[in-house]
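Same order as they appear, the protein sequences are chains A and B. Note that my numbering has the first sequence beginning at 1, numbered continuously upward. Note that my numbering has the second sequence beginning at 1001, numbered continuously upward.
These are calculated hints, taken from the structure and not from any lab test. Note that the structure is predicted; figures quoted are calculated from it, not measured. Treat the hints with care, as some may be off.
What the hints assert, rightly or not - Taking lysine-lysine pairs in the DSS-like style, the calculated list, with each CA pair at most 25 angstroms apart, reads: (1) B:1021 x A:227; (2) A:89 x B:1021; (3) B:1021 x A:195; (4) A:249 x A:214; (5) A:175 x A:195.
As the list claims (entries may be wrong) - Have a look at the derived ranges for each label pair, beta carbon to beta carbon: (6) A:218 x B:1018: 45 to 53 angstroms; (7) B:1018 x A:199: 42 to 50 angstroms; (8) B:1017 x A:195: 32 to 40 angstroms; (9) A:175 x B:1091: 44 to 52 angstroms; (10) A:97 x B:1004: 45 to 53 angstroms; (11) A:77 x B:1070: 34 to 42 angstroms; (12) A:134 x B:1042: 38 to 46 angstroms; (13) B:1002 x A:170: 29 to 37 angstroms; (14) B:1045 x A:273: 37 to 45 angstroms; (15) A:32 x B:1070: 27 to 35 angstroms; (16) B:1004 x A:109: 31 to 39 angstroms; (17) B:1046 x A:35: 37 to 45 angstroms; (18) B:1032 x A:2: 50 to 58 angstroms.
As the list claims (entries may be wrong) - Looking from chain B toward chain A, a few residues come up when the C-beta cut is under 10 angstroms (computed): (19) 1004; (20) 1019; (21) 1023; (22) 1031; (23) 1034; (24) 1047; (25) 1058; (26) 1063; (27) 1067; (28) 1095.
The C-beta atom is built at its ideal place from N, Cα and C for all residues, glycine as well.
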Amino acid sequence: MTLVFAGACSHAPGITGRANRGDPEQRKNLLESYDKMRLAIKSSGAEALIVIAAEHFANFFMNNMPAYCIGMADYYEGPIEDEEWLGIKRVKVPGNSELSEEIIQIVMNDIDVSYAQEWKFDHGISVPLNFLTPNYDIDVIPVNINCQGPPLTPLNRAYEFGKSIRKACDSINTKIAIIGTGGISHWPCTPDSGKINEDFDKTFLNSFIFNDKKALLSYSDKETYEKAGQGGFEIRTWIAVAGACEGSKGELWCYEPIPNYAVGCTVANMEINYK
Amino acid sequence: MSLYYVQKLIYELNRNPDTTKRFEENREALLASYDLTDEELTAIRKPDIGLLYVLGVNGQILMHYAALWKIPWDDYLKSMEDGVKEHGPVRTGLYARTEGKLS
């Protein structure tokens, strides 16, 4: 029973790369919420942090795109983006290949996950880490769900993937925190960048907070694309966290739609129900 | 149209410093190693961010190409708007799947 923290948050590059272009009050609330999450992870005693992310063609490409991948290296590098562009200095991030292998082996009973011994973090992981582990002093295990474009893994599989990761965490004698990062509605890097569908976001967040499996898995990709843009496909990362905490409830710590950051900036936690 | 290879070129430019160096020092030889149409080559060389968007390049890849050319964020967004005005709607890829066409 070693999952000690679970939550989800945004990772938009504008949060750090265009930091000064957000409304100051909204930004203050966002940063305080990231810090609340940082302290919660720290006080949980977590020895490793699993980041379920949706990377953006930094490591995985259409020549061999895994639906699911877990990192299995002793260190990673990031961000891959220009440091000035993203506003985050490139660093080595500690990993734990042995712990990764243990987790991967267990997850493989349920999901044909791929693994990677080399991984250059993009903003999808580097932005959350910048706020949650600013000293890079905890082992990170990166996890990717392909959310960039079809064919996409079905939502129920993302949920089951989260359940499987939970199963692995609970059978390993290491305290582990898990966060999902992505979404919710956004149209990143397109002419529609800055558009935010608050109704979609709030409905989804409500389903997440109540861990309403039926509602979370009810979205079709067609509906998500139409209402939440291609960035909406990243709801899979949140759904995986919901799966990891099946039956428990969450709490919304921040929702600030900030068009200059191109996303509704969100921080939420999920209680851990020990079975 | 060879959207796959346009995107692969930019993916590798973003990821591999050696590819970026070749792009700066021996660009034509590098471009020749990808299966690109004349229109794609023109868009890459210029660079015509708007045309690359219309050709279907995913924004998560395209923004890195704009950053490589030090194109400011607002100009990058405007380039895509201008591209659609000049070249018409996005022809293929994810962004062409609008109006309920995504299956």
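Verification of the supplied hints:
| no. | hint | in the structure |
| --- | --- | --- |
| 1 | B:1021 x A:227 | 41 angstroms, violated |
| 2 | A:89 x B:1021 | 21 angstroms, holds |
| 3 | B:1021 x A:195 | 36 angstroms, violated |
| 4 | A:249 x A:214 | 14 angstroms, holds |
| 5 | A:175 x A:195 | 39 angstroms, violated |
| 6 | A:218 x B:1018: 45 to 53 angstroms | 46 angstroms, holds |
| 7 | B:1018 x A:199: 42 to 50 angstroms | 47 angstroms, holds |
| 8 | B:1017 x A:195: 32 to 40 angstroms | 34 angstroms, holds |
| 9 | A:175 x B:1091: 44 to 52 angstroms | 50 angstroms, holds |
| 10 | A:97 x B:1004: 45 to 53 angstroms | 32 angstroms, violated |
| 11 | A:77 x B:1070: 34 to 42 angstroms | 23 angstroms, violated |
| 12 | A:134 x B:1042: 38 to 46 angstroms | 44 angstroms, holds |
| 13 | B:1002 x A:170: 29 to 37 angstroms | 47 angstroms, violated |
| 14 | B:1045 x A:273: 37 to 45 angstroms | 57 angstroms, violated |
| 15 | A:32 x B:1070: 27 to 35 angstroms | 34 angstroms, holds |
| 16 | B:1004 x A:109: 31 to 39 angstroms | 34 angstroms, holds |
| 17 | B:1046 x A:35: 37 to 45 angstroms | 44 angstroms, holds |
| 18 | B:1032 x A:2: 50 to 58 angstroms | 53 angstroms, holds |
| 19 | 1004 | 6 angstroms, holds |
| 20 | 1019 | 13 angstroms, violated |
| 21 | 1023 | 15 angstroms, violated |
| 22 | 1031 | 18 angstroms, violated |
| 23 | 1034 | 13 angstroms, violated |
| 24 | 1047 | 15 angstroms, violated |
| 25 | 1058 | 7 angstroms, holds |
| 26 | 1063 | 4 angstroms, holds |
| 27 | 1067 | 5 angstroms, holds |
| 28 | 1095 | 7 angstroms, holds |
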